[in-house]
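A.B. asks: The chain contents come next:
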Amino acid sequence: MPAPLVEVKHLKKYFKTPRGDLHAVDDVNLSINQGETLGVVGESGCGKSTLGRTILRLVPHTSGEVLFEGKNILSYDTRQMKALRQDMQMIFQDPYASLDTRFTVSQIIEEPLKICRKEMGKADREKRVKELMDTVGLAQRFVNAYPHELDGGRRQRIGVARALALNPKFIVCDEPVSALDVSIQAQILNLIMDLQEDMGLSYMFITHDLSVVKHISNNIAVLYLGQCIEHAPTEELFANPIHPYTKALLAAIPIPDPSKRSEDREIIRGEVTSPINPPQGCRFAARCPYAGDECRGKPIELKETRPGHFVACMKFF
Amino acid sequence: MGVDMNQNAEKLLDIKDLSITYITDDATIYAVNGLNMELYRGETLGLVGETGAGKTTTALAIMRLLPDRIGKITSGSIRFDDVDVTAASEAEMRTLRGERISMIFQDPMTCLNPVLTIGDQIAEVLESHGITSKEELSKRVDNILTLVGLPPERKNEYPHQFSGGMKQRVDIAIALACEPQLLLADEPTTALDVTIQAQVLALMKELRQKFNTSMLLITHDLGVVAEVCDRVAIMYAGEIIEYGTVWEIFSGTEHHPYTKGLFGSIPSMSEGQRRLRPIDGLMPDPAVQLQGCPFASRCPQCSDRCTAEKPASHRAAGGNIIKCHLFEGEDAGGGNDAGTAG
Numbered sequence: 001m002p003a004p005l006v007e008v009k010h011l012k013k014y015f016k017t018p019r020g021d022l023h024a025v026d027d028v029n030l031s032i033n034q035g036e037t038l039g040v041v042g043e044s045g046c047g048k049s050t051l052g053r054t055i056l057r058l059v060p061h062t063s064g065e066v067l068f069e070g071k072n073i074l075s076y077d078t079r080q081m082k083a084l085r086q087d088m089q090m091i092f093q094d095p096y097a098s099l100d101t102r103f104t105v106s107q108i109i110e111e112p113l114k115i116c117r118k119e120m121g122k123a124d125r126e127k128r129v130k131e132l133m134d135t136v137g138l139a140q141r142f143v144n145a146y147p148h149e150l151d152g153g154r155r156q157r158i159g160v161a162r163a164l165a166l167n168p169k170f171i172v173c174d175e176p177v178s179a180l181d182v183s184i185q186a187q188i189l190n191l192i193m194d195l196q197e198d199m200g201l202s203y204m205f206i207t208h209d210l211s212v213v214k215h216i217s218n219n220i221a222v223l224y225l226g227q228c229i230e231h232a233p234t235e236e237l238f239a240n241p242i243h244p245y246t247k248a249l250l251a252a253i254p255i256p257d258p259s260k261r262s263e264d265r266e267i268i269r270g271e272v273t274s275p276i277n278p279p280q281g282c283r284f285a286a287r288c289p290y291a292g293d294e295c296r297g298k299p300i301e302l303k304e305t306r307p308g309h310f311v312a313c314m315k316f317f
Numbered sequence: 001m002g003v004d005m006n007q008n009a010e011k012l013l014d015i016k017d018l019s020i021t022y023i024t025d026d027a028t029i030y031a032v033n034g035l036n037m038e039l040y041r042g043e044t045l046g047l048v049g050e051t052g053a054g055k056t057t058t059a060l061a062i063m064r065l066l067p068d069r070i071g072k073i074t075s076g077s078i079r080f081d082d083v084d085v086t087a088a089s090e091a092e093m094r095t096l097r098g099e100r101i102s103m104i105f106q107d108p109m110t111c112l113n114p115v116l117t118i119g120d121q122i123a124e125v126l127e128s129h130g131i132t133s134k135e136e137l138s139k140r141v142d143n144i145l146t147l148v149g150l151p152p153e154r155k156n157e158y159p160h161q162f163s164g165g166m167k168q169r170v171d172i173a174i175a176l177a178c179e180p181q182l183l184l185a186d187e188p189t190t191a192l193d194v195t196i197q198a199q200v201l202a203l204m205k206e207l208r209q210k211f212n213t214s215m216l217l218i219t220h221d222l223g224v225v226a227e228v229c230d231r232v233a234i235m236y237a238g239e240i241i242e243y244g245t246v247w248e249i250f251s252g253t254e255h256h257p258y259t260k261g262l263f264g265s266i267p268s269m270s271e272g273q274r275r276l277r278p279i280d281g282l283m284p285d286p287a288v289q290l291q292g293c294p295f296a297s298r299c300p301q302c303s304d305r306c307t308a309e310k311p312a313s314h315r316a317a318g319g320n321i322i323k324c325h326l327f328e329g330e331d332a333g334g335g336n337d338a339g340t341a342g
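Top line first, the protein sequences correspond to chains A and B. Under our numbering, residues 1 to 317 are what the first sequence spells out, in order. Under our numbering, residues 1 to 342 are what the second sequence spells out, in order.
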């Protein structure tokens with residue numbers, strides 16, 4: 001049993017808005033083991049990206065703890081944090097917006113080395129950039145190219161190389177393939193998995209695409225309006241989803257096989273409700289066909305149905 | 001199945017040998033290269049391909065909405081029912097657009113006018129196609145909103161007051177206001193979440209059956225294609241490289257190497273394979289006119305002939321039409337259909 005590298009305990013992140021508090025992340029508990037991948041899925045606006053950013057301390061948290069190798073990093077001061085940032089990196093969703101347009105490829109990949117590896121000389125840095133470009137499959141001829149000269153797939157490879165520059169232990173991948181075409185998406189997914197095998201990296205993989213998350217994750221957490229409503233090993237979750245929202249999410253994916261056309265599939269009605277001052281109780285109750293009185297009024301806790309499989313639902317567990 | 005349909009149904013849209021270029025200061029972009037496509041009444045054709053394959057350009061050409069002076073149809077013809085779109089006058093096109101052909105755009109957030117209420121935007125379409133009485137307009141707007149599942153009371157609200165899924169419903173309402181014969185849907189669900197996508201797809205299916213509308217569905221999502229299309233055209237670098245019924249494309253054994261690559265790239269929901277089999281390399285530069293097959297540089301089965309000579313269309317044993325040298329000599333009695341994808 002590998003030890004958890006990252007543990008998230010009762011993490012909350014509220015944004016203040018004129019109409020009240022927006023509960024972006026609301027009491028989330030997670031853990032990610034060394035060398036494993038946790039997939040975080042949910043619809044837009046459910047707090048996936050905010051969760052990733054709060055864990056990396058890119059946005060300040062409201063309450064809760066994030067333990068990295070057993071230490072609560074949310075209490076670290078700036079200097080401790082700077083040292084720690086080398087171990088925690090991020091790959092961003094949009095390979096067009098997350099690279100500095102006025103830097104060349106080598107400058108982009110070199111930048112973290114310049115900041116955190118001051119002892120490295122110019123020649124060493126150049127060597128390291130070359131290594132990294134090889135690792136992520138970028139041809140050396142692009143070393144002096146600017147991002148606008150490259151296509152989305154290659155740009156995302158730059159983003160991966162930059163994240164790897166300081167040999168991190170943990171990487172938050174925030175929808176790294178959703179802006180890419182399928183054939184390119186597969187190249188990047190393979191790369192991300194190969195790197196994990198070679199370097200023992202741990203990932204938190206944020207996505208809205210369940211087929212991608214099934215492919216890449218060991219465990220999956222399903223988020224709805226800032227709360228984790230189901231959390232289980234990947235195989236278990238797909239074989240045996242319990243929460244009505246997870247079931248609806250799985251049923252909504254169009255399957256590339258015309259014989260599995262679902263003429264009468266159950267489509268959940270309505271849309272995600274507002275995360276500003278959400279009601280107590282199950283946040284999915286407003287759209288849930290099974291919701292009853294017991295689902296409203298009091299907070300619903302995640303409970304373990306079978307080893308490793310956690311669900312927050314009054315009706316089905 | 002496809003053959004029966006061809007004989008009984010009436011051809012609504014017939015595109016022959018269409019080529020489109022964009023002329024910019026830097027280069028000439030060959031966006032569509034000799035495309036052939038036909039669409040029958042009541043049928044849904046999926047046009048599948050990656051970014052830059054020329055899908056949207058094709059749709060814009062059907063509406064004749066290519067950018068002035070830059071986008072040019074260099075050869076070929078587009079026939080819609082009894083109208084020759086490439087030769088029609090602008091006045092004729094204006095009566096066609098919105099009334100007989102209409103389009104749903106990819107991004108529901110940006111294609112609505114932010115300073116007009118949604119009711120006014122739907123009414124605008126009806127007005128410009130001859131409905132002038134205020135009462136009639138208001139009644140039609142209420143009806144169409146109910147049809148797409150929006151409460152008519154909200155017709156006096158502005159686009160920013162609606163969510164993404166609801167805005168896409170407004171788009172669909174505008175597109176269907178005049179009950180067109182042909183609907184061009186350009187990635188209508190790409191910007192939506194899966195649960196909302198399922199709602200919108202179900203709505204489009206229902207409305208299509210109600211009005212017997214033909215639809216050209218542009219998408220890169222093979223799951224969506226399997227869900228709603230009757231026939232599928234796979235597009236690559238401005239050409240249709242494979243064409244067939246949804247069954248032929250999804251279950252047949254013989255396919256264009258690109259189609260195989262495309263299917264190998266999607267993470268499967270049912271199988272437990274760990275590594276994906278992506279297509280190596282990238283789409284060729286559209287500013288260069290190619291001698292041979294556009295897929296040659298990425299194709300695992302490429303030969304010398306592929307880079308030198310453009311492949312013709314061949315009918316595979318399964319019935320689908322493939323534009324590839326590998327299938328030469330396999331023509332299973334192509335007949336008059338063999339040119340469809342050519």
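These are computed hints drawn from the structure, not numbers from a lab. On a predicted model such as this, the values are computed, not experimentally measured, just so you know. Backbone N, C-alpha and C fix where the C-beta goes; we use that ideal spot for every residue, glycine too. One thing to keep in mind: the hints can contain errors.
[Claimed, not checked] Heads up, incomplete: computed chain A residues facing chain B, CB under 10 Å, no partners named:
| id | residue |
| --- | --- |
| 1 | 142 |
| 2 | 149 |
| 3 | 151 |
| 4 | 180 |
| 5 | 188 |
A.B. asks: Hint by hint, say whether it matches the structure.
C.D. replies: Hints and how they fare:
| no. | hint | verdict |
| --- | --- | --- |
| 1 | 142 | violated (13 Å) |
| 2 | 149 | violated (12 Å) |
| 3 | 151 | holds (6 Å) |
| 4 | 180 | holds (9 Å) |
| 5 | 188 | holds (9 Å) |
This entry does not satisfy hints 1 and 2, going by the numbered hints stated previously.
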